[in-house]
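Asker: Position chain R against the provided structure of chain Z, taking the given hints into account.
If you read the protein sequences in the order shown, they are chains Z and R. Residues 1 to 284 (the working numbering) make up the first sequence, in order. Residues 1 to 284 (the working numbering) make up the second sequence, in order.
I should point out that these hints are in silico values taken from the structure, not numbers from a laboratory. Check each hint, because a few of them may be wrong.
Said to hold, decoys possible - Which chain R residues face chain Z? A few, computed with CB under 8 Å, are given here:
#1 S42
#2 L43
#3 W208
#4 H256
#5 D263
#6 F264
Unchecked claim - Chain R stretches covered by chain Z per the calculated footprint, using a threshold of three residues with CB under 8 Å from any CB of chain Z:
#7 183 to 194
#8 245 to 251
Heads up, the beta-carbon is just placed ideally off N, CA and C, and yes, glycines get one too.
Protein chains: 2
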Amino acid sequence: MQQQITILAPGLLGASVALAARDREQTKRIHIWARRPETRLSLKNEPWCDAVFSTPEEACHDSDLIVICSPVETIVPIVERIAPALKASAIVTDVGSVKSEICRFSHDLMPAKTFFVGSHPMAGSEKSGHAHARADLFDGRTCFVTPIEEITDGEATEKVVAFWMGLGAEVATVNPEKHDEIVAHISHLPHVLASLLCSHLHLQDPQWSHFAGGGLRDTTRIAGGSPTLWREILKQNRNEVLRSVRQFQDELEAFHAALANEDFFAVANFLERGKEYQNRLRPR
Amino acid sequence: MQQQITILAPGLLGASVALAARDREQTKRIHIWARRPETRLSLKNEPWCDAVFSTPEEACHDSDLIVICSPVETIVPIVERIAPALKASAIVTDVGSVKSEICRFSHDLMPAKTFFVGSHPMAGSEKSGHAHARADLFDGRTCFVTPIEEITDGEATEKVVAFWMGLGAEVATVNPEKHDEIVAHISHLPHVLASLLCSHLHLQDPQWSHFAGGGLRDTTRIAGGSPTLWREILKQNRNEVLRSVRQFQDELEAFHAALANEDFFAVANFLERGKEYQNRLRPR
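Chain Z with its partners taken away, still in its complex shape (with noise of 0.2 Å):
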């Protein structure tokens, strides 16, 4: 159990960090810091929030384990604005989708004695704000952590696993440059294709949408996400998301190929491959 925790700009999934670690006691108290005034009084009758600060670096004094929830591109310009105010021992740690540029800045932006490990809970919905935080939105889900190999605190990294796994999140520890690969296929992936297939209908008849049935509902529901966020997860993560886009191009080429030239052998190979995996994805 953690002493003190803070959580910095809590939306959906620092809620759902305070609310989780509330509920399972994994600390003692939970400072708050959110940009907007009109957020932090109304956050101060939740019960999962002991302290509001109006700066970050308030927020996070004597607190043993931070937890930076803001979108992806403010992450490193608060890591800079609270390492002078950090106690010795201190971990940071935030949930962002990215992790390479994340980790490395963050890391050179530590003070002696304290400590950053990345973390991306694949957790979340396309819902945003702490209005729909859930104590169990980490349960069963995978939490990446993501020490730089060789550079990064061995036992601050297994703090922060701790953490996780008492929020409820299997964790999966892997490099943050292997993670960006990993979630730009599983993740980032799909979303473009999501958001992408939705932006191709629209251009057709935006009127079709009203025959559509359930599968196209659940197919693109990802793509009701925000798009400034996605924007920036998909500017940080550029170059893997380009060579996953690029690889699932080839593999809608090959089946435009098989599909074209009446190889139904080949199309019922595409057909078949995917429900096996998609299959896997069931029981989880």
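Answerer: The following block gives chain R in isolation, referenced to the frame of chain Z:
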């Protein structure tokens, strides 16, 4: 209300038609034919089944409306087989996902004073089999009815429209070619993308499936559908599917170029147009 309807090949869709027709009192009698003897035996105790026959011809005897619910490639052969057994004024429809070939060929096979009017309810599931049938499967869902312009009998079309409305569906009447164009974009392309995303991920590292969140599972749910059924759907709607895939490839290439060129304004535009369309799908 019909006096007697016949459901040929009741899987998920056919059994749901029967259940809904019974529940909503759309017919007095329901006759069933199933290909497998073991299925026929198991159906005898279903409340939505008044009589089970071992040949489609017998099952159609004296019926006012026949609904063919078998896979797309078997519909025309079944029409050919039952045509001589139909009573005068009998109407035959189907639930196939592709309509041009089925409607043209079936129309030509119909004896005088009998009618073929194609249907395609946009309902279903990656599950199959009559055990998953639901009386509310068509509730508020689109059902396409696809008369051939200036050929299909107007009164027969009205009766088929009324039947689906009676089951709770919202009917959209379009000609078979337009239908095939629409579903290529809103149903077959999404299926292809879900299958290819899974097949792409399978080729990367199948272990990554453990890390995936709910987003990937939802996005690819439809890829769990039967490869055999879908191979035949893609085969019958090959030209329109090829066209929709080609157009999607252009969209994907434009996105790749925008991201490669760091044109994040364009990247955000794709995401925003996608979100706008996705939001239209919500309320249904």
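Asker: Now, for every hint given, state plainly whether the structure supports it.
Answerer: For each hint, the structure was consulted:
no., hint, in the structure
1, S42, "25 Å, violated"
2, L43, "26 Å, violated"
3, W208, "5 Å, holds"
4, H256, "5 Å, holds"
5, D263, "11 Å, violated"
6, F264, "6 Å, holds"
7, 183 to 194, "holds (count 9)"
8, 245 to 251, "holds (count 6)"
Of the hints listed earlier, those the structure fails to meet are numbers 1, 2 and 5, in rising order.
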